[in-house]
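Enquirer: If you read the sequences in order, they're chains U and Z.
Numbering-wise (our numbering), the first sequence opens with residue 18 and increments by one.
Numbering-wise (our numbering), the second sequence opens with residue 18 and increments by one.
Honestly, I wouldn't trust all of these hints.
Copies of the same chain look alike in the list, so a pair counts if it works inside one copy or between any two.
[Unchecked claim] Pairs of lysine to any residue residues, derived as SDA-like cross-links and limited to a Cα-Cα distance of at most 20 Å, are as follows:
#1 K244 <-> A324
#2 K285 <-> L118
#3 K279 <-> D120
#4 K32 <-> F196
#5 K33 <-> S365
Hints are computed from structural coordinates only; laboratory data are not their basis.
There are 2 protein chains.
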Amino acid sequence: MRSVSVVGIAQLPVKKTYTRSLRQLGAAVTRAAMKDAGVDHIDALYASNMLSDELQCQKHVSALIADEAGLDGVEALQIRAATAGGAAALRVAYLAVASGLVDLAMVVGVEKMSEGAATPALAKALDAQRELADGASLISQNAALMWHYFRHYEPPKEALAHFSVNAHLNARSNANALFREAEYKTDDVLNSRMILPPIHLLDCAPICDGAAAVVLAPSDMARNYGKHPVRILASSAATDRFRAFDRQNPLHLTAVQLSSEKAFRQAKLRADDISFLELHDAFSIMACLTLESSGYAAAGEGWRLAADGEIGIGGRIPVCTMGGLKARGHPVGATALYQVCEIVLQLSGRAGPNQVSDAQFGLMQSVGGIASTVLTHIFGV
Amino acid sequence: MRSVSVVGIAQLPVKKTYTRSLRQLGAAVTRAAMKDAGVDHIDALYASNMLSDELQCQKHVSALIADEAGLDGVEALQIRAATAGGAAALRVAYLAVASGLVDLAMVVGVEKMSEGAATPALAKALDAQRELADGASLISQNAALMWHYFRHYEPPKEALAHFSVNAHLNARSNANALFREAEYKTDDVLNSRMILPPIHLLDCAPICDGAAAVVLAPSDMARNYGKHPVRILASSAATDRFRAFDRQNPLHLTAVQLSSEKAFRQAKLRADDISFLELHDAFSIMACLTLESSGYAAAGEGWRLAADGEIGIGGRIPVCTMGGLKARGHPVGATALYQVCEIVLQLSGRAGPNQVSDAQFGLMQSVGGIASTVLTHIFGV
């Protein structure tokens, strides 16, 4: 296989609502990523989007974006893994370039959640027959995990709120983040509107619109493109029992563990070699559980890293350095591509006030549903 | 890149309605394909399904099928390209195995169209803003192409009916086909219910349930698995202007042409080296236009191959040898995997009464929407 690098990136600022259409956002960010890579053509476009079936009545977004971007005749496919779709598209592009069959691959994620009822559509990441039938949603299942976490480990009541505080702090200096004004303390999280006990509004990533894209190329050709190539050192995917409460221990995310282990093996790195983590903090409980399940903290101890300030930009293991899903925003199908852009900025020393010092290796994790599917990618300069 | 082979196949008989659930059909055919390949594990599962978002309220079918099939922890992603999704999943599995990163890849397609209103969901393969808003559906757009074809080329009125007659004839001896009883003449097609002028019922592939799966492995390991390995000699994808009537000549399918040319180039074969064609005959006009656009007939002349009997099993270029989408059935997300199974049976001399003599190379074409996306695969022994 060929080594693969990211040679171009582009992200549109996350917003509550864009007036531009889904296809226009997808095409705009595609062209911007091509410009960043310094290329005037690509060989294939792999698209990620989760909700257009319901919200835009579109089930063919890959060809739609390719057409709108003027990429005459290009290969275009859509890749999905529920809320981890962006990482799934990245993985397919990685496989395509690694195989030698595709040289320049575009990975574009776009989501326009403002056009309709996103939450019921998101819930279809769960089991319709056995979870939706019981009234479940992604919020309710995360609430259930959070309830179990507090009951089982009895951490202080503000334990998980620290993750939201960190995310909002980091988002303040990210021009592409949705929430750049707010500065919260843990009390603000606990006093925010109760969405579904024990989840408060400030435990949740927002409903929003956004698009991000990256261009991949063989590493040995990377210097021909872009100015800041970053290598993909590992790409892995794993699944778990589909329903969280069919698992022996719902607080241990086996797909996080498996995909992390595979990724560390492929990259020939250990957890503590990683300079910073872009985690899937769609809910604060998920940030905590992914930290624990990928080996960064013992079971029941993940929140301590946040409480002790170890996940801050200057901490031992910075997390969600540009605001994460919580505060940069979580336009679902685009989220992982925002994460890749942020990792590339960190590894090329362009993260501005959010720069992690001596950033050598960045790890990105993407969670589909309640970690039924998890993808892990590791990047390095 | 590594050469890739199909080492196991499985198909469930296409039916109007299965009582088994989507996940059960997907899991059953996955296990059956593993059995056929003689393997007790796989490294990755790439799933195709088009309509579960609407019909089953499921947006995470890859992990759902992996769980139901008992494939603990396996990589599982879903791949889409509207009505060409099965071929898109095949292509991704091909890329994964070719890259050297995945050894045993499952490609599973499953569709359960009986559970709701399939036709409006299928229409989302079109442009919601500019086609659905005008009342379009896949049927109406195929009807429009057919109307233009007759107006422009003025063939005899039964010109396209020959494709349906051929498909139904071939389906009679395919145990997995939906329609095994009927034997039609062109008059039956022209006298069947008018769906949307000029499309009659017997111009259309049926709404149905089905599941099919294939296992891919590196060709140099293929002899360790299964008994009838078949090589994938080419895999290609291309797009066109998204809306058929934005194209300079809507009767020429550029994505068919481009993906065919790429595939012939990769396989180092010419059109007339191919022993038989599994075309995407969702509508009789589509069978005709794909024949013309992939170089098997001049523009306006594709129907003559059917009228002259050249597409029959014993003809010059057999088409849809096991009944095609028209008569085997078109459970959309599964269709391309049925096609692969049929091609493998042909190339390994196991096609029974439908056997094409001296079958060396089989070509499969998959059409997404109105050929906005087209994939072409070529197989050989």
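Enquirer: Confirm or reject each hint.
Expert: Taking the hints in turn, this is what the structure says about them:
In the homo-oligomer, the alpha carbons of K244 and A324 never lie at most 20 Å apart, since the shortest distance is 38 Å inside one protomer and 59 Å across protomers. With identical chains, the CA atoms of K285 and L118 are at most 20 Å apart between copies only, with a shortest distance of 15 Å across copies and 26 Å within one. Taking the shortest Cα distances, K279 and D120 sit within 20 Å of each other only across copies (15 Å), while inside one copy they are farther apart (25 Å). In this assembly of identical chains, K32 and F196 lie within 20 Å of each other by CA distance solely inside one copy; the values are 9 Å within and 51 Å between copies.
When the C-alpha separation of K33 and S365 is checked against a cutoff of 20 Å, the pair qualifies neither within a copy, at 29 Å, nor between copies, at 56 Å.
The structure fails to meet hints 1 and 5 from the earlier list, while all remaining hints are met.
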